[in-house]
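Novice: Take a look at the letters that make up each chain.
Number of protein chains: 2
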Amino acid sequence: MAEKIKRPKARNYKGFKDTFAEDIILRRKMIETIRVICERYGFSPLETPAIEYVDCLGKFLPEEHTPEGGIFSFKNPDLSEATRADHPDWWLGLRYDLTAPLARVVAQNQDLPKPFRRYQLGQVWRYEKPGPGRYREFYQFDFDTVGATSMIADAESCAMTCDILEALGFVRGDYLIQVNDRKALQGALECAGLSEVDITDESSQVGVALRAIDKLDRIGRAGVTELLGKGRKDASGDFTEGANFNTKQIDVILAYLDARSDSRTEVCNRLEALVADSKIGCEGVEELRQIDGFLTDLGYGSDRVRFEPTVVRGLGYYTGPVFEGVITKEIVDEKGKTRNFGSVFGGGRYDTLVQRFTGQKTPATGGSVGVDRLLAAMRLLQADTALPTCTTEVLITVMDKSRLTDYLQLLQKVRAAGINSEVFVGSGSIGKQLQYADRRGIPLVIIAGSDEFDNGEYQIKDLELGRRLAADISDRDEWLKGRPSQQTVAADSLIEKLNELLADYRSK
Amino acid sequence: MAEKIKRPKARNYKGFKDTFAEDIILRRKMIETIRVICERYGFSPLETPAIEYVDCLGKFLPEEHTPEGGIFSFKNPDLSEATRADHPDWWLGLRYDLTAPLARVVAQNQDLPKPFRRYQLGQVWRYEKPGPGRYREFYQFDFDTVGATSMIADAESCAMTCDILEALGFVRGDYLIQVNDRKALQGALECAGLSEVDITDESSQVGVALRAIDKLDRIGRAGVTELLGKGRKDASGDFTEGANFNTKQIDVILAYLDARSDSRTEVCNRLEALVADSKIGCEGVEELRQIDGFLTDLGYGSDRVRFEPTVVRGLGYYTGPVFEGVITKEIVDEKGKTRNFGSVFGGGRYDTLVQRFTGQKTPATGGSVGVDRLLAAMRLLQADTALPTCTTEVLITVMDKSRLTDYLQLLQKVRAAGINSEVFVGSGSIGKQLQYADRRGIPLVIIAGSDEFDNGEYQIKDLELGRRLAADISDRDEWLKGRPSQQTVAADSLIEKLNELLADYRSK
Numbered sequence: 001m002a003e004k005i006k007r008p009k010a011r012n013y014k015g016f017k018d019t020f021a022e023d024i025i026l027r028r029k030m031i032e033t034i035r036v037i038c039e040r041y042g043f044s045p046l047e048t049p050a051i052e053y054v055d056c057l058g059k060f061l062p063e064e065h066t067p068e069g070g071i072f073s074f075k076n077p078d079l080s081e082a083t084r085a086d087h088p089d090w091w092l093g094l095r096y097d098l099t100a101p102l103a104r105v106v107a108q109n110q111d112l113p114k115p116f117r118r119y120q121l122g123q124v125w126r127y128e129k130p131g132p133g134r135y136r137e138f139y140q141f142d143f144d145t146v147g148a149t150s151m152i153a154d155a156e157s158c159a160m161t162c163d164i165l166e167a168l169g170f171v172r173g174d175y176l177i178q179v180n181d182r183k184a185l186q187g188a189l190e191c192a193g194l195s196e197v198d199i200t201d202e203s204s205q206v207g208v209a210l211r212a213i214d215k216l217d218r219i220g221r222a223g224v225t226e227l228l229g230k231g232r233k234d235a236s237g238d239f240t241e242g243a244n245f246n247t248k249q250i251d252v253i254l255a256y257l258d259a260r261s262d263s264r265t266e267v268c269n270r271l272e273a274l275v276a277d278s279k280i281g282c283e284g285v286e287e288l289r290q291i292d293g294f295l296t297d298l299g300y301g302s303d304r305v306r307f308e309p310t311v312v313r314g315l316g317y318y319t320g321p322v323f324e325g326v327i328t329k330e331i332v333d334e335k336g337k338t339r340n341f342g343s344v345f346g347g348g349r350y351d352t353l354v355q356r357f358t359g360q361k362t363p364a365t366g367g368s369v370g371v372d373r374l375l376a377a378m379r380l381l382q383a384d385t386a387l388p389t390c391t392t393e394v395l396i397t398v399m400d401k402s403r404l405t406d407y408l409q410l411l412q413k414v415r416a417a418g419i420n421s422e423v424f425v426g427s428g429s430i431g432k433q434l435q436y437a438d439r440r441g442i443p444l445v446i447i448a449g450s451d452e453f454d455n456g457e458y459q460i461k462d463l464e465l466g467r468r469l470a471a472d473i474s475d476r477d478e479w480l481k482g483r484p485s486q487q488t489v490a491a492d493s494l495i496e497k498l499n500e501l502l503a504d505y506r507s508k
Numbered sequence: 001m002a003e004k005i006k007r008p009k010a011r012n013y014k015g016f017k018d019t020f021a022e023d024i025i026l027r028r029k030m031i032e033t034i035r036v037i038c039e040r041y042g043f044s045p046l047e048t049p050a051i052e053y054v055d056c057l058g059k060f061l062p063e064e065h066t067p068e069g070g071i072f073s074f075k076n077p078d079l080s081e082a083t084r085a086d087h088p089d090w091w092l093g094l095r096y097d098l099t100a101p102l103a104r105v106v107a108q109n110q111d112l113p114k115p116f117r118r119y120q121l122g123q124v125w126r127y128e129k130p131g132p133g134r135y136r137e138f139y140q141f142d143f144d145t146v147g148a149t150s151m152i153a154d155a156e157s158c159a160m161t162c163d164i165l166e167a168l169g170f171v172r173g174d175y176l177i178q179v180n181d182r183k184a185l186q187g188a189l190e191c192a193g194l195s196e197v198d199i200t201d202e203s204s205q206v207g208v209a210l211r212a213i214d215k216l217d218r219i220g221r222a223g224v225t226e227l228l229g230k231g232r233k234d235a236s237g238d239f240t241e242g243a244n245f246n247t248k249q250i251d252v253i254l255a256y257l258d259a260r261s262d263s264r265t266e267v268c269n270r271l272e273a274l275v276a277d278s279k280i281g282c283e284g285v286e287e288l289r290q291i292d293g294f295l296t297d298l299g300y301g302s303d304r305v306r307f308e309p310t311v312v313r314g315l316g317y318y319t320g321p322v323f324e325g326v327i328t329k330e331i332v333d334e335k336g337k338t339r340n341f342g343s344v345f346g347g348g349r350y351d352t353l354v355q356r357f358t359g360q361k362t363p364a365t366g367g368s369v370g371v372d373r374l375l376a377a378m379r380l381l382q383a384d385t386a387l388p389t390c391t392t393e394v395l396i397t398v399m400d401k402s403r404l405t406d407y408l409q410l411l412q413k414v415r416a417a418g419i420n421s422e423v424f425v426g427s428g429s430i431g432k433q434l435q436y437a438d439r440r441g442i443p444l445v446i447i448a449g450s451d452e453f454d455n456g457e458y459q460i461k462d463l464e465l466g467r468r469l470a471a472d473i474s475d476r477d478e479w480l481k482g483r484p485s486q487q488t489v490a491a492d493s494l495i496e497k498l499n500e501l502l503a504d505y506r507s508k
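Residue numbers (my numbering), protein chains in the order written: chain A, 1 to 508; chain B, 1 to 508.
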């Protein structure tokens, strides 16, 4: 009796996805641009493993949407179940960012030349609720300087982000780097009457206040005021407990948020007046003044880098300047509402993260590019990001199987000329082969049969032309109409002709 | 009373490692070379997630050193403990290769244009016993053609591997692609008197035989003969149970292994004589004959691709031609023994892997580059793989903190010229700054103080020169001795001078 075979269903795990050629080609170009600029600034590459001991990763994720602490964790299979569960090697986890592993590397390799300037591109994994455009596996591109107290390093983070965004095609004025300082903010809270403020303690009254300020964009000034006080009921009726500041305290915090100005010096002056009675607050303003000066030296004005007292950044470990790169150009979102695209980059100074391991304060500052957010912004805002969608440039169709030697020698000749090409290795009619080329997005097809081989000539079919004509008969592409969709070419001018026809496709 | 703070120890998980600039720079160059050639052959990029449902991954790893089936697996945190443990979504695992995920992608996206030619670079994770040079996380670079029965695809795998190895600097004659065919081997086993041979069943008598043949290099012909018979006791006294073939059967298998020849046609003739009575065996020989023909058409003779009946490949899923790329150049190993470097590439045809999901036979063939093995081979065998070990080209030292504006404007000028550079953002004397540049491997240092800025000139210190002189005062580097280790340069010829001094470093 034949047993029914149980077959697995081919499926992705929830929140994970496959990425195909078109997206990879665009992302590769973007990442390559970022890499070149990072190296221009003196950052060197580092790679760390996907799996880390959980106690090395620490817990610095914001708590929303993060059951299980927001990380994928599992028991170390090297240890037996009999091992005490509080053994430090017991829990393993997938990294959730690239900063925690960097802190581990620096603590583990005390003899690294300092300042240690490294960049790292890598995937990170977060056990969060997946949603539209929100995945549990995504790329980050981080750059950090460890072992430098100088605000030059912070100013460079801002400058480099400008360079990256402009190299990627964002026009000056369509983006903005917004800078704040956690020490200045802490000073404001102290001046509001709070003593012993620990700005990195997420569970404290201060933590609640920071999270409230972080929501300013979404809930507005009135919403933030409620969250700084008793609390706030949102549209769905859910109540969020507030920070329970009194009115006088709330006024000081709101004055801090209102200190924004187009002039960086002016923001510093306003903040200084607010935090004058706080030592730490004055330190924070001094940091901002230095960053302002270094940015001016480097040639980055407030049209590109602005001081913005409402920026707090989610992560708990920041201790000084914090930055955010936002695309200010407006988009129309899925609900038809016009809004700014928002944040594509974030970072700041975290002088205590390495200390977790070593007990010694180690200054560190840097940032992280939201690779997928930035890609989305490029797709939405840059009409001319259209890159080739297929890496193969030429398909050689097979009409006559008795001439395979000719097809393969032709293929070898085309490849030797540096043209990405393939012979059709599947089975099917010439129609099916053309359909294959079309569906893959291959721009050119060579058609040849016995006659062509005997006469030393080939047919070239220009599929890209058809695609462009179908997509857009604009003035710009008017000349395309003069191109023939199919032409006969002599064997000895084939390579030249292919390169000529591909020139436009390659420069896309 | 002060509580003692418990700090985590900064450490890597067993079998995992961090990778620093020097290794990443070399690997990046290698991978980029492989990528360009893959695209030249018509393969397009694909990326799949790190985490998969375990039932989608299947179990195709050889069983040695693989507790827990050789994969890192964990329970799906989306499901409650109350869910039945036999729920197909219950177990998640990290991918252990890139072929199983490819089969899943093809089964899941039935409308992909076929043949589907994709390459993928990615890390894979194996829960194995780590050892020297043997890690639990490593890169693979795979290329595969799904949906083509044509042996052109298999011939191309061999041809492309030759192209890759030569592009990476391996000289013709120092490497060899060795090809065998599982069907031909199956035919030999049938002719030896075994009926209903399932060559993909690892636990069968045939599986034991294949594993024995796979060890030929290590244990020699006599050892294989023992393993094909009753079994073999190794040097340590451990006994391995044999396949229990009788003498006549063993003779047929040994005759198959002995069929090697420098001529591909001759191997086909010899194998044909051996398997003439087996239908599947003749099919296998016919596949080899076709591959021979296509390779000849493409211009790859037996100095590069040879037929080698002793190649079986470890993985259970191969169904036809199998390939192995070996570096034949001799090395002296850690024990002082001269041996071939061995395998850096493997692949073959696996027509049943997608069938696991769909029930429909889907032809597929491809290969996998052992990225780390190949890197090791390059380091061992190519004296001139020496690439720049640092991405930063110029360090600007800081002697006078009151001139930071001048330093930053100088920095900006050097960067604008496309030179990877940084100003020293740490703290310390000029001596400490030079030591930093030296330890990082930065080739050039600019030294400037108030006098230099006022006079419009800079000191350039050539650290790379010192390094080369120290490493190797050979004839080749004789000219280096004429270079000054430090020189004064006028501001307006600075960029030109830096580029001149960097030319040699960059072309490394």
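Everything labelled a hint here was simulated from the structure, so no lab data went into it. Beta carbons: idealized from backbone N, C-alpha and C, even for Gly. Treat each hint with caution, since some may be false.
As the list claims (entries may be wrong) - If you anchor each label on the Cβ, the simulated ranges turn out as follows: (1) Ala470(B) <-> Pro113(A): 30 to 36 Å; (2) Asp438(A) <-> Gln409(B): 53 to 59 Å; (3) Ser263(B) <-> Gly418(A): 31 to 37 Å; (4) Lys29(A) <-> Gln409(B): 56 to 62 Å; (5) Gln409(B) <-> Gly418(A): 49 to 55 Å; (6) Asp400(B) <-> Leu79(A): 52 to 58 Å; (7) Gly359(A) <-> His87(B): 42 to 48 Å; (8) Gln409(B) <-> Asp258(A): 47 to 53 Å; (9) Gln382(A) <-> Lys129(B): 46 to 52 Å; (10) Lys215(B) <-> Lys29(A): 42 to 48 Å.
Unchecked claim - Result set (DMTMM-like, lysine to aspartate or glutamate): computed pairs, CA atoms no more than 20 Å apart in a straight line: (11) Lys248(A) <-> Glu266(A); (12) Lys9(B) <-> Asp86(A); (13) Lys14(A) <-> Glu81(B); (14) Lys75(A) <-> Asp504(B); (15) Lys329(A) <-> Asp86(A); (16) Lys9(B) <-> Asp351(A).
As the list claims (entries may be wrong) - Facing chain B, according to a computed beta carbon distance under 8 Å, are these residues of chain A, among others: (17) Arg7; (18) Glu52; (19) Cys191; (20) Lys361.
Novice: Next, verify each hint and record whether it holds.
Specialist: Going through the hints against the structure:
no.: 1; hint: Ala470(B) <-> Pro113(A): 30 to 36 Å; result: 18 Å, violated
no.: 2; hint: Asp438(A) <-> Gln409(B): 53 to 59 Å; result: 54 Å, holds
no.: 3; hint: Ser263(B) <-> Gly418(A): 31 to 37 Å; result: 33 Å, holds
no.: 4; hint: Lys29(A) <-> Gln409(B): 56 to 62 Å; result: 31 Å, violated
no.: 5; hint: Gln409(B) <-> Gly418(A): 49 to 55 Å; result: 42 Å, violated
no.: 6; hint: Asp400(B) <-> Leu79(A): 52 to 58 Å; result: 56 Å, holds
no.: 7; hint: Gly359(A) <-> His87(B): 42 to 48 Å; result: 46 Å, holds
no.: 8; hint: Gln409(B) <-> Asp258(A): 47 to 53 Å; result: 35 Å, violated
no.: 9; hint: Gln382(A) <-> Lys129(B): 46 to 52 Å; result: 50 Å, holds
no.: 10; hint: Lys215(B) <-> Lys29(A): 42 to 48 Å; result: 46 Å, holds
no.: 11; hint: Lys248(A) <-> Glu266(A); result: 24 Å, violated
no.: 12; hint: Lys9(B) <-> Asp86(A); result: 14 Å, holds
no.: 13; hint: Lys14(A) <-> Glu81(B); result: 18 Å, holds
no.: 14; hint: Lys75(A) <-> Asp504(B); result: 51 Å, violated
no.: 15; hint: Lys329(A) <-> Asp86(A); result: 50 Å, violated
no.: 16; hint: Lys9(B) <-> Asp351(A); result: 18 Å, holds
no.: 17; hint: Arg7; result: 6 Å, holds
no.: 18; hint: Glu52; result: 6 Å, holds
no.: 19; hint: Cys191; result: 30 Å, violated
no.: 20; hint: Lys361; result: 13 Å, violated
The structure fails hints 1, 4, 5, 8, 11, 14, 15, 19 and 20 (numbered hints given earlier, in ascending order).
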